[in-house]
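Participant: With the sequences and hints as input, model every part of the structure.
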Amino acid sequence: MTLELLAMLLMIFVLAIFLGVELISKVPSILHTPLMSGSNAISGITVVGALVASGEGHNMLSTLLGTAAVAFAMINVVGGYLVTNRMLAMFKKHEEKPQ
Amino acid sequence: MNFVAESLYIVAAILFVIGLKRLGKPATARKGNLLSSVGMLLAIVGTLIHFEIMSPEYIVVGMIIGGAIGIILARIVQMTEMPQMVALLNGFGGLASLLVGWAEFHRQYENVLNPDIPHTIELYTAVTTFLTVVVGGLTFSGSVIAWAKLKEVMTGKPILFTGQQFVNAAVLLAVLVGGVIFSMNPAENYPIFIALMAVGLILGVTSVIPIGGADMPVVISLLNSYSGIAGCLAGFVIQNNVLIVTGSLVGASGIILTNIMCKAMNRSLANVLFSGFGSVVASSSSGTKGEVKSVSVEDAYYILESAGSVLFVPGYGLAVAQAQHVCRELADMLHKNGTEVSFGIHPVAGRMPGHMNVLLAEANVSYDLLKEMDEVNPTIESVDVCVVIGANDVVNPAARDEKGSPIYGMPIINVDKSKTVIVMKRSMATGFAGIENPLFYKENTRMLFGDAKNVLQNLVAEFKKG
Chain A
1 MTLELLAMLL
11 MIFVLAIFLG
21 VELISKVPSI
31 LHTPLMSGSN
41 AISGITVVGA
51 LVASGEGHNM
61 LSTLLGTAAV
71 AFAMINVVGG
81 YLVTNRMLAM
91 FKKHEEKPQ
Chain B
1 MNFVAESLYI
11 VAAILFVIGL
21 KRLGKPATAR
31 KGNLLSSVGM
41 LLAIVGTLIH
51 FEIMSPEYIV
61 VGMIIGGAIG
71 IILARIVQMT
81 EMPQMVALLN
91 GFGGLASLLV
101 GWAEFHRQYE
111 NVLNPDIPHT
121 IELYTAVTTF
131 LTVVVGGLTF
141 SGSVIAWAKL
151 KEVMTGKPIL
161 FTGQQFVNAA
171 VLLAVLVGGV
181 IFSMNPAENY
191 PIFIALMAVG
201 LILGVTSVIP
211 IGGADMPVVI
221 SLLNSYSGIA
231 GCLAGFVIQN
241 NVLIVTGSLV
251 GASGIILTNI
261 MCKAMNRSLA
271 NVLFSGFGSV
281 VASSSSGTKG
291 EVKSVSVEDA
301 YYILESAGSV
311 LFVPGYGLAV
321 AQAQHVCREL
331 ADMLHKNGTE
341 VSFGIHPVAG
351 RMPGHMNVLL
361 AEANVSYDLL
371 KEMDEVNPTI
381 ESVDVCVVIG
391 ANDVVNPAAR
401 DEKGSPIYGM
411 PIINVDKSKT
421 VIVMKRSMAT
431 GFAGIENPLF
441 YKENTRMLFG
451 DAKNVLQNLV
461 AEFKKG
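Protein sequences, first through last, are from chains A and B.
Note that our numbering has the first sequence beginning at 1, numbered continuously upward.
Note that our numbering has the second sequence beginning at 1, numbered continuously upward.
No wet-lab data here; the hints were simulated from the structure.
There could be a bad hint or two in this list.
[What the hints assert, rightly or not] Below, computed lysine to any residue pairings styled on SDA-like, alpha-carbon distance capped at 20 Å:
hint : chain 1 : residue 1 : chain 2 : residue 2
1    : A       : K26       : B       : N259
2    : A       : K92       : A       : P28
3    : B       : K263      : A       : P28
4    : A       : K26       : B       : Y367
5    : B       : K336      : B       : G466
6    : B       : K21       : A       : F13
7    : A       : K93       : B       : K371
8    : B       : K417      : B       : K442
9    : A       : K26       : B       : M373
10   : A       : K26       : B       : R22
11   : A       : K93       : B       : R30
12   : A       : K93       : B       : N364
13   : B       : K21       : A       : F18
14   : A       : K92       : B       : N364
15   : A       : K93       : B       : K31
16   : A       : K26       : B       : K371
17   : B       : K25       : A       : R86
18   : A       : K92       : B       : K371
19   : A       : K93       : B       : H325
20   : B       : K263      : A       : S25
21   : B       : K31       : A       : M90
22   : B       : K25       : A       : A89
23   : B       : K371      : B       : E381
24   : B       : K25       : A       : E22
25   : A       : K26       : B       : D374
26   : B       : K21       : A       : I17
27   : B       : K21       : A       : S25
28   : B       : K263      : B       : N377
Facilitator: Here it is in structure tokens:
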């Protein structure tokens, strides 16, 4: 790990935090639950790390830990996106009023 | 570095950003979610071509198991149970990060043991790895406790004991000391690494048990943020940009929601996390006692039938009674009757941010009828009837008027200022915070006792008769 690389990773980190703050701060409260489950699905990005750990075939323990990580991250990803989609599908604006 | 894979990572990051942006508007939210899921797919594909995959069979097994469980969970979950679901998913995200951190540390540890390759574990790796497993572990165990509280597997009341602060401080200190010792010489200190994971798990438990059920919107938002931070830290461990970017986005979004929830209760995050709010029954009922006027379903029907405008104010009781559908039915009846109907939603009503909105959307209530607190308060004097369904503290005028009240300063929906208030409630019991609600004794308040769903059904029946 060189200092340059560390500085670059930190730079990415800080900029992404600011971007996240800008993106989220204007979300209306009616969407807070889907926003949370949707961003939750995104946090399943750990699956990327899990795939590497599981697939490298380095040693048995790392592989098993990685495989478990893949499974849990996939629950997070698949469950999160699907349930968010299910919720959002319910948000409707009815122009015509029920008679 | 593989150019194709890196490009896919960049595209994935862009899709996450656009997806999150679109999630912020009702009209585009669904598409936003879809875009972000495409981003995830690209990130996965990028990873599979980036790295030499020696044992794809394990990956396939993990993906199938995880994917199948995810599909089932997303299908069967009831909308009233969304807070539990999100808590659980947060926890799994945290656990995945913990496992990634552990797997990576173990890989490096094996390399150190191998005399053929000269290898040492860098300080950078040691620090980021131990932070990953601690944050991942505390996200996991904290989420499991939050899930248990929401599911009512364990008590929703704050669990407090003497010396709690001391225990928390000791656990935190253990993390710091253990982290330093481990980082100084990671290869020699595998047992300390294991201990750190355990301490992280303990920290999650000790930090969530003192938090009461009604403060769960804050806790879930915070755990959401932690799950992002854990992913971000795992990104530092394996030096992967897309993990760092994405984890930070989620971390930031969780923190913002946490902040919004705290503001909506006029409490600091520290107060929510450490005070054990709601554990002591407030004794200061400041003599606002008056007469409670209870009405029958029939009387309530006449009040509603003649109202020009009705504002529903739902709370957690609506979710508990699963009364969202029949509530919408009543709203339809009123609308047919020529009444102007809308819903006033307090930001912390329910057990997670936006909980009420999801329930009402499920019941087919058009989202333009769902009004935020700041939208309904300015004109609430002109509302003929406010119908409070299973809400208590969020409509308690003591928060506005009584300086001594524990919830003083918390913004409320000022239903008491409308012409008539109908409060649907099971009994006169106090709300979560254990605080008397002067609203129930007001001149213009009518109490309609009973299970929310039953009462609403009876009201609908009255309308059908009439």
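Participant: Give a verdict on every hint.
Facilitator: We went through each hint and held it up to the structure:
no., hint, in the structure
1, K26/A with N259/B, "13 Å, holds"
2, K92/A with P28/A, "15 Å, holds"
3, K263/B with P28/A, "15 Å, holds"
4, K26/A with Y367/B, "17 Å, holds"
5, K336/B with G466/B, "12 Å, holds"
6, K21/B with F13/A, "19 Å, holds"
7, K93/A with K371/B, "13 Å, holds"
8, K417/B with K442/B, "10 Å, holds"
9, K26/A with M373/B, "16 Å, holds"
10, K26/A with R22/B, "11 Å, holds"
11, K93/A with R30/B, "14 Å, holds"
12, K93/A with N364/B, "9 Å, holds"
13, K21/B with F18/A, "14 Å, holds"
14, K92/A with N364/B, "7 Å, holds"
15, K93/A with K31/B, "16 Å, holds"
16, K26/A with K371/B, "16 Å, holds"
17, K25/B with R86/A, "16 Å, holds"
18, K92/A with K371/B, "15 Å, holds"
19, K93/A with H325/B, "17 Å, holds"
20, K263/B with S25/A, "13 Å, holds"
21, K31/B with M90/A, "14 Å, holds"
22, K25/B with A89/A, "13 Å, holds"
23, K371/B with E381/B, "16 Å, holds"
24, K25/B with E22/A, "14 Å, holds"
25, K26/A with D374/B, "15 Å, holds"
26, K21/B with I17/A, "14 Å, holds"
27, K21/B with S25/A, "10 Å, holds"
28, K263/B with N377/B, "17 Å, holds"
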